[in-house]
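Top to bottom, those sequences are chains A and B.
Just so we're aligned, residue 0 is where the first sequence starts under numbering that gives the first Met the number 0, counting upward by one.
Just so we're aligned, residue 0 is where the second sequence starts under numbering that gives the first Met the number 0, counting upward by one.
It should be emphasised that the hints constitute simulated quantities derived from the structure, not laboratory data.
Treat the hints loosely; a few may be bogus.
When chains are identical, the list treats them as one kind, so a pair holds in a single copy or across two.
With a straight-line Cα cutoff of 35 Å, these simulated DSBU-like cross-link-like pairs (lysine-lysine) come out [as the list claims (entries may be wrong)]:
(1) K34 with K51
(2) K51 with K130
(3) K40 with K51
Number of protein chains: 2
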Amino acid sequence: MSCETVSKRDQILRTAWRLFESQGYHATGINQIIKESGVPKGSFYHYFPEGKEGLAVEAIEAISEGISNKLDEVCTSQDDSVVAMAGMIRHIAQRLEETGYREGGPLTTVALETATTNERINEACQQAYGKLHGVLAGHLEEDGFTPDDAAELSTTILAGIEGGILFSRTFHSTRPMEQLARQLEETLTRQRNQAREQVT
Amino acid sequence: MSCETVSKRDQILRTAWRLFESQGYHATGINQIIKESGVPKGSFYHYFPEGKEGLAVEAIEAISEGISNKLDEVCTSQDDSVVAMAGMIRHIAQRLEETGYREGGPLTTVALETATTNERINEACQQAYGKLHGVLAGHLEEDGFTPDDAAELSTTILAGIEGGILFSRTFHSTRPMEQLARQLEETLTRQRNQAREQVT
DNA sequence: GTCTATAATACGATAGAC
DNA sequence: GTCTATCGTATTATAGAC
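Construct the complete structure from the given sequences, taking the supplied hints into account.
Structural data, given as structure tokens:
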């Protein structure tokens, strides 16, 4: 049977994703993943013959797809990409709060843990963040920023968000994310208006 | 003998600090720490009866002291705190590059790994980041920002730096940190000038 | 394809000789 | 105070029955 309502493979992937997000890569063991997903160990290695590392790479790719689509969706539904960004940040803050500050930054911890210690996972993280950066920069361009400014701003914005996630998780508070949203909204709006003036 | 040129205790602390910084908390084992610091296992548990967790807390406290002093020093030596911040960011970028993107964000990874899974270490991280935030906010106030603005800006700046460290480490490039420095310099200078105008 | 039992190894921590 | 040998218990991964 290669198909069910939710395949066992997806069940493993989902559980792993959640655990990597809340605990990090090294603190999450295969035993915990199979226990919480209710899948026997043998099946796990049948679906993921490359073990924990292969699982992590696939989980990151799935996460990447999900959050890039989400970001694109939010930015498209709002004609003002700056307002959309602030909304996105507040949305993450809400998710952080709801989960007891365990979930809300799906890649942050794993990316840092593996940046210089696991080449395959690091590559997956680079692709994931690269994709996010591309989506955001694209929307900023559509919104009046020059390509160079949009690219540089995207980096700064994403860095702010990742750092905000770090602080909100560390202090168990949505405040850092809220302050970030307000600051970005203010700064970016001014910066964009300036950019638009130069064009006309 | 409780005193040498560099006590064994400090040697352990230093090695642990470096390994936690580059690999994270969970990926760093006691065995590796004692091996690289050249201290027998028995001695380790003599000096750190609370084991790995106690060691981490002490390492974070030592790190906190070091980077807060460094930040204070840099901000004091420069009469313009905004320029000082940009210099600080470029200094971190240089250290990241020199160490192959292994060192440069001493707390970032550990803080995320333990945010919701280890209360003692999380508290140590809160204190460390709180101290940094206080130092930075103080200098921004001296530099013309209102207390409220200074506090909120400090959060945003530190978040940007932590996120910048994440991206520079992930992409093995100083570019994210360089872009961040430029953006902050520009944005903060404008914001400060506006704040000063409102006073007069 | 599915699952259990187990291998091989590493972990943090300790006991006890010196 | 200093160090070695070792204890349980984790870990990832596999072998082999069904």
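- Task: Check each numbered hint against the structure and report the violated ones by number, ascending.
- Result: none
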